[in-house]
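Listed below, chain by chain, are the residues.
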Amino acid sequence: MPTSAAEPRSAANPPLAVEPLLRVTGLSTGYGKVGVLRGVDLTVAPSEVVALLGPNGAGKTTLLRAISGLLPWTGGVQFAGRDLSGAGPRETVKAGLAHVIEGHRVFTQQSVVDNLLLAAYDLPRGERSARVEEALDYFPEIAEKRHQRAVALSGGQQQMLAVAQGLVQRPRLLMLDEPSAGLSPVLVDRVFDVVRKLRESGTAVLLVEQLIEKALALADRVYALARGSIVLEAATSEADLPHRLEHAYFASAPVPAE
Amino acid sequence: MVLSIVLSGLAIGCIYALIGIAYNVMYSASRVFSFTAGTLGMAGGILGALFILKMGLPVWLGFLLALAGGALLGVVTEILAVRPVLKSLDQHLYVLSTLALALIVQQFAAIEWGTDAQPFPRIFNIERNSFDQQFWLPMLACVVTIVGLEVLYRRTLLGHAFRAIAEDNYAARALGLPERNLRMASYAIAGVIGALAGFAGGQMMLAFFDNATQLTFYGFVPVALGGMGNNRGAVVAGLVLGLFQQAANFLVGGVFASVAVFAAFILVLLARPEGLAGVALGRRV
Amino acid sequence: MDMSTTEVRPARTSLLSSPALSTVLPWVVLAAIAATLPLYAGGYWGVIATRACVYWVLVAGLNLLVGFAGQLAIGWVALLTVGAYVTSVLAAGNVLPALHPYLALAIAGVAGAVFGVIVGLPALRLRTFYFAITTLGFATIVRQIVLAWASVTGGGVGVPGPVFPAPFDSQWGFYYLCLIFAAVCTWMTANIAGSRFGRALTALRDAEVAAEASGIAKSRLLMVVFLFSGATAAIAGGLFASLQSYITPDAFTTELSVLFFIGVLIGGRGSIIGPLLGTILLTVLPEFAAPLVAWSTFLYAVLLLVIVLAIPGGIAELIDFKNRRPLQSNRAIVPRPDLLKRLLTQDTEPGRLTLEQVALSFGGVRAIDGLDLTINPGQVHGLIGPNGSGKTTTLNVISGYYMPQGGVAKLNGVVITELAHHARAQMRIARTFQTPRIVGEASVLENVMIGGTIDGRGTFVESLLSLPRHRADEKMLHETAMLALSAVGLEQLAGVRADRLQHSELRFIEIARALMLRPAFLLLDEPAAGLSAEEIRRLGALVVAISQAGTGVLLVEHHADLIFDICHHVTVLNLGKMLAAGTPAEIRSHREVVNAYLGG
Numbered sequence: 001m002p003t004s005a006a007e008p009r010s011a012a013n014p015p016l017a018v019e020p021l022l023r024v025t026g027l028s029t030g031y032g033k034v035g036v037l038r039g040v041d042l043t044v045a046p047s048e049v050v051a052l053l054g055p056n057g058a059g060k061t062t063l064l065r066a067i068s069g070l071l072p073w074t075g076g077v078q079f080a081g082r083d084l085s086g087a088g089p090r091e092t093v094k095a096g097l098a099h100v101i102e103g104h105r106v107f108t109q110q111s112v113v114d115n116l117l118l119a120a121y122d123l124p125r126g127e128r129s130a131r132v133e134e135a136l137d138y139f140p141e142i143a144e145k146r147h148q149r150a151v152a153l154s155g156g157q158q159q160m161l162a163v164a165q166g167l168v169q170r171p172r173l174l175m176l177d178e179p180s181a182g183l184s185p186v187l188v189d190r191v192f193d194v195v196r197k198l199r200e201s202g203t204a205v206l207l208v209e210q211l212i213e214k215a216l217a218l219a220d221r222v223y224a225l226a227r228g229s230i231v232l233e234a235a236t237s238e239a240d241l242p243h244r245l246e247h248a249y250f251a252s253a254p255v256p257a258e
Numbered sequence: 001m002v003l004s005i006v007l008s009g010l011a012i013g014c015i016y017a018l019i020g021i022a023y024n025v026m027y028s029a030s031r032v033f034s035f036t037a038g039t040l041g042m043a044g045g046i047l048g049a050l051f052i053l054k055m056g057l058p059v060w061l062g063f064l065l066a067l068a069g070g071a072l073l074g075v076v077t078e079i080l081a082v083r084p085v086l087k088s089l090d091q092h093l094y095v096l097s098t099l100a101l102a103l104i105v106q107q108f109a110a111i112e113w114g115t116d117a118q119p120f121p122r123i124f125n126i127e128r129n130s131f132d133q134q135f136w137l138p139m140l141a142c143v144v145t146i147v148g149l150e151v152l153y154r155r156t157l158l159g160h161a162f163r164a165i166a167e168d169n170y171a172a173r174a175l176g177l178p179e180r181n182l183r184m185a186s187y188a189i190a191g192v193i194g195a196l197a198g199f200a201g202g203q204m205m206l207a208f209f210d211n212a213t214q215l216t217f218y219g220f221v222p223v224a225l226g227g228m229g230n231n232r233g234a235v236v237a238g239l240v241l242g243l244f245q246q247a248a249n250f251l252v253g254g255v256f257a258s259v260a261v262f263a264a265f266i267l268v269l270l271a272r273p274e275g276l277a278g279v280a281l282g283r284r285v
Numbered sequence: 001m002d003m004s005t006t007e008v009r010p011a012r013t014s015l016l017s018s019p020a021l022s023t024v025l026p027w028v029v030l031a032a033i034a035a036t037l038p039l040y041a042g043g044y045w046g047v048i049a050t051r052a053c054v055y056w057v058l059v060a061g062l063n064l065l066v067g068f069a070g071q072l073a074i075g076w077v078a079l080l081t082v083g084a085y086v087t088s089v090l091a092a093g094n095v096l097p098a099l100h101p102y103l104a105l106a107i108a109g110v111a112g113a114v115f116g117v118i119v120g121l122p123a124l125r126l127r128t129f130y131f132a133i134t135t136l137g138f139a140t141i142v143r144q145i146v147l148a149w150a151s152v153t154g155g156g157v158g159v160p161g162p163v164f165p166a167p168f169d170s171q172w173g174f175y176y177l178c179l180i181f182a183a184v185c186t187w188m189t190a191n192i193a194g195s196r197f198g199r200a201l202t203a204l205r206d207a208e209v210a211a212e213a214s215g216i217a218k219s220r221l222l223m224v225v226f227l228f229s230g231a232t233a234a235i236a237g238g239l240f241a242s243l244q245s246y247i248t249p250d251a252f253t254t255e256l257s258v259l260f261f262i263g264v265l266i267g268g269r270g271s272i273i274g275p276l277l278g279t280i281l282l283t284v285l286p287e288f289a290a291p292l293v294a295w296s297t298f299l300y301a302v303l304l305l306v307i308v309l310a311i312p313g314g315i316a317e318l319i320d321f322k323n324r325r326p327l328q329s330n331r332a333i334v335p336r337p338d339l340l341k342r343l344l345t346q347d348t349e350p351g352r353l354t355l356e357q358v359a360l361s362f363g364g365v366r367a368i369d370g371l372d373l374t375i376n377p378g379q380v381h382g383l384i385g386p387n388g389s390g391k392t393t394t395l396n397v398i399s400g401y402y403m404p405q406g407g408v409a410k411l412n413g414v415v416i417t418e419l420a421h422h423a424r425a426q427m428r429i430a431r432t433f434q435t436p437r438i439v440g441e442a443s444v445l446e447n448v449m450i451g452g453t454i455d456g457r458g459t460f461v462e463s464l465l466s467l468p469r470h471r472a473d474e475k476m477l478h479e480t481a482m483l484a485l486s487a488v489g490l491e492q493l494a495g496v497r498a499d500r501l502q503h504s505e506l507r508f509i510e511i512a513r514a515l516m517l518r519p520a521f522l523l524l525d526e527p528a529a530g531l532s533a534e535e536i537r538r539l540g541a542l543v544v545a546i547s548q549a550g551t552g553v554l555l556v557e558h559h560a561d562l563i564f565d566i567c568h569h570v571t572v573l574n575l576g577k578m579l580a581a582g583t584p585a586e587i588r589s590h591r592e593v594v595n596a597y598l599g600g
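Residue numbers (the working numbering), protein chains in the order written: chain A, 1 to 258; chain B, 1 to 285; chain C, 1 to 600.
Possibly wrong hints are sitting among the right ones.
Stated by the list, open to error - Using 25 Å as the maximum straight-line C-alpha spacing, the simulated DSS-like pairs for lysine-lysine come out as follows:
{"no.": "1", "chain 1": "C", "residue 1": "Lys218", "chain 2": "A", "residue 2": "Lys33"}
{"no.": "2", "chain 1": "C", "residue 1": "Lys322", "chain 2": "C", "residue 2": "Lys475"}
{"no.": "3", "chain 1": "C", "residue 1": "Lys341", "chain 2": "C", "residue 2": "Lys218"}
{"no.": "4", "chain 1": "C", "residue 1": "Lys577", "chain 2": "C", "residue 2": "Lys410"}
{"no.": "5", "chain 1": "A", "residue 1": "Lys33", "chain 2": "B", "residue 2": "Lys87"}
{"no.": "6", "chain 1": "A", "residue 1": "Lys145", "chain 2": "A", "residue 2": "Lys214"}
Everything labelled a hint here was simulated from the structure, so no lab data went into it.
Keep in mind it's a predicted model, so treat the numbers as computed, not measured.
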């Protein structure tokens, strides 16, 4: 009997009375003929840090791409009261939803400042520099390299630059896709510190991660995605989470011998 | 004699280089090559002659309208022939759609304008001398284009956005850049550059519908040799091509010159398919 | 579970290889119209019809190149020019004593074949667009040479075309000569289309990597097709010169070249009847639209644009009524593993497939870092690991797609690392791909038959002329493919166009195709991705049965369940190195493995 049903919230952490900032209902999507996500439900409240965990191939990156409009989807996505049906990445950014994609893909042939200015493309000219400085305040390591081309930065610094690009857009919700990939533990902690600061200043964060322990230490709530749907939803204060996660990942029905 | 070979070689080389740049700009924006680059050159010459000689408009106005015509052609190319096929899984469709569009425009020109080469107006009312405007106009156009693109790409946010789209289309989209509009704008710019090549080269090549075929091939050689998307390589290769062609024309005559150019082109490509300055592409499974 | 019959139902195959009446009927009608033309058409239409036949001789050959092989030879008029002038000059006796027109035509054919190979050689190295441009360059060069070499070709003045002897010297007589050539070309190209060579061409066009994994050698096959297309184009040139009575370089325009090219595409790729109808349409169209004669190339280009944007499949797609019939919606894939024993008979002991200390880097990244791996026959060996661990790269090294910088791959103790990618098929190493690589426009059966290409004995010429060995090959491949399809449970879809199938069905078709090689080793690249739980179960049972028939299976997978259920042995990769190896039970409780998957 599969044990992959979504687990109920514990009584110790009653649901927030506030209207969720992001509400995803029954979202399904895929690539061409291949369906990847089937009926995903997820919410993120304002100023909340939510971790999205799951094994490879589960569809975590696909889910972020659907929410930000890079992929078409069916179902429902509501953000800050707005229906995001048919919205592309440009519209979702304008609505206050920033997506930092996987793989720290910055524009290597351009300078740090130019990378950030591109994130401010749709802003009035006068505001751009101020926003860039604001974002650089979070990452002094790259602020001091502001005129160097991004190719000269290390992988970790490029990741910080990518996150900074998201911050330039002053999002209400920032989605980060595996920011820790390929980073040393020290740099991972730096990035996670920034996430903490963002929460304090009122920005919500949806964090896709592979590092379970660190993600659980940082987030308020966690979802586990496996085989295309949510298999676990819990507050991070609940007990025994790592074990329950492992169970949710590898749960399967035994196959009778043929 | 040597002087006239060098001058005409550099001039025609600049025309080829500009068409090559038009190819490159379209390629950078969409990752596909369009057959319409040579047609843009033809259009620049024909529109220039049409507006200035046939319709009697002042030179500056005819010039601007010719460039506008090129921009329009570029945008139409993007909407009709490129955008619809980018989504498709079939990789070679863009060759067919841009070929079809290029032919449509060329044949229309052949029918409405006629199949004979027609004269192109003198732009400046100065006497002919050895360093004549038919030689330095293309060179000027080339310099202005290079400098203009340099300023655009390096100094303006719009240019940065073009470069972002060219380097990593997916990341640019995710960042919220208006990728479709930027692609259209790139094609419009390519249209202007192509038309400029035809207009500036009008006195050398005349207003002739067959220029399209010539420029499609000879405008692509700089791209092939200089590396895809590499504008500086295109200019160098274009100038070398122009000089080589004019010298060969003088020394051994028309046919052998063409054969020589073509043979050199094929041999270089077979030795280095990515061009002399290009980057080898890796295969992926 | 159906254990009762081992009989395989005959399948309906595609338009080209089926002997059914519906396939033959259009040809019969066309042949009847063409043969009886003089009875009801005037002399003017006779000329048009002759021209259509001449054009078709060229387009039939070009069709194999453009439609089947996907080579964008836009400047093929160069070959028409070569053939026209060689025939005319030799028949007229400008250079050598006058030769008999038939002999001149034959020599032109040879010249065309040689020239076709020359024009085609760049195709092996150059990207699509580059090759298209070079063919345009060739066309221009040939015309310029003809213009300049006045002593032989008459330059701008031109030369008279050859006159063929009685009974072909009259207008209708010549029509019948051209009709005979057209009919022969149709027959020959239809034979190729329905042969393993035709299927191999479409595989190279649409799924090059899969084609090579099936053992198809691209260079050799393409050169043969360029040779054939060059020959037919040159012969068409000789006939063209005769039709025109007098040829000048002006007759061989870029517009004409593009017309041929468009004729193939309007007709639809991978079809014979489509481009034939397309050629007839393009030849006849200017006649009906008399005031618009000057607009003909314009119209052709508009037609091409419309086709590309709206109906990429062309006329062939429009008349493909068979594939309009709806498919059953709740289709289940029910494999029949019992059939595998008939399919997978091992003659000799294949030995083991091993990787020893293999190392491979891309740029500065070590994708595989000193890996040892052994696949034994009759076993399922699982290869798992997080994203980026090097699983697919390892599979690609074994299948010969990547050459490692260090270490060797061995089959039965013999080093195989240096051998070409497509040589793996000869060694009975078959594989599937992460994303199914199939020829969407071909039928399911044709796709599976591609897997057995190297088992054919007949040569290209034997297929061209439909000689006995070709027919024996086709029968063998057809039967084996139906058996393979039945084994994976998809025989009822054999005649359906592959791109109409669901993703999961495509995965099983890839396995059927791989089984055609009767593989000693089968490499599966994430076959469970996108499959439902039930389909994964059936896939697992099928893979187990394949291994029980003696094949050694390497299963690269993300789906932990499938791995643990069916593998005898599992290797876990992380960052290009082996992290752990052992039985599924050992791996499952291995702490480090769990951590690598969960991260931390």
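Hints versus structure:
Note on lysine 218/C and lysine 33/A: the hinted pairing is violated, with a Cα-Cα distance of about 29 Å set against a maximum of 25 Å. A distance of roughly 23 Å separates the Cα atoms of lysine 322/C and lysine 475/C; the hinted pair therefore holds under the 25 Å criterion. Under the criterion of a C-alpha separation no larger than 25 Å, the hint pairing lysine 341/C with lysine 218/C is inconsistent with the structure, at around 32 Å. A distance of roughly 19 Å separates the Cα atoms of lysine 577/C and lysine 410/C; the hinted pair therefore holds under the 25 Å criterion.
For the given pair, lysine 33/A sits about 15 Å from lysine 87/B by alpha-carbon distance, which is consistent with the 25 Å threshold. Simply put, lysine 145/A and lysine 214/A have alpha-carbon atoms about 28 Å apart, too far for the 25 Å limit, and the pair is violated.
The structure fails to meet hints 1, 3, 6 from the earlier list, while all remaining hints are met.
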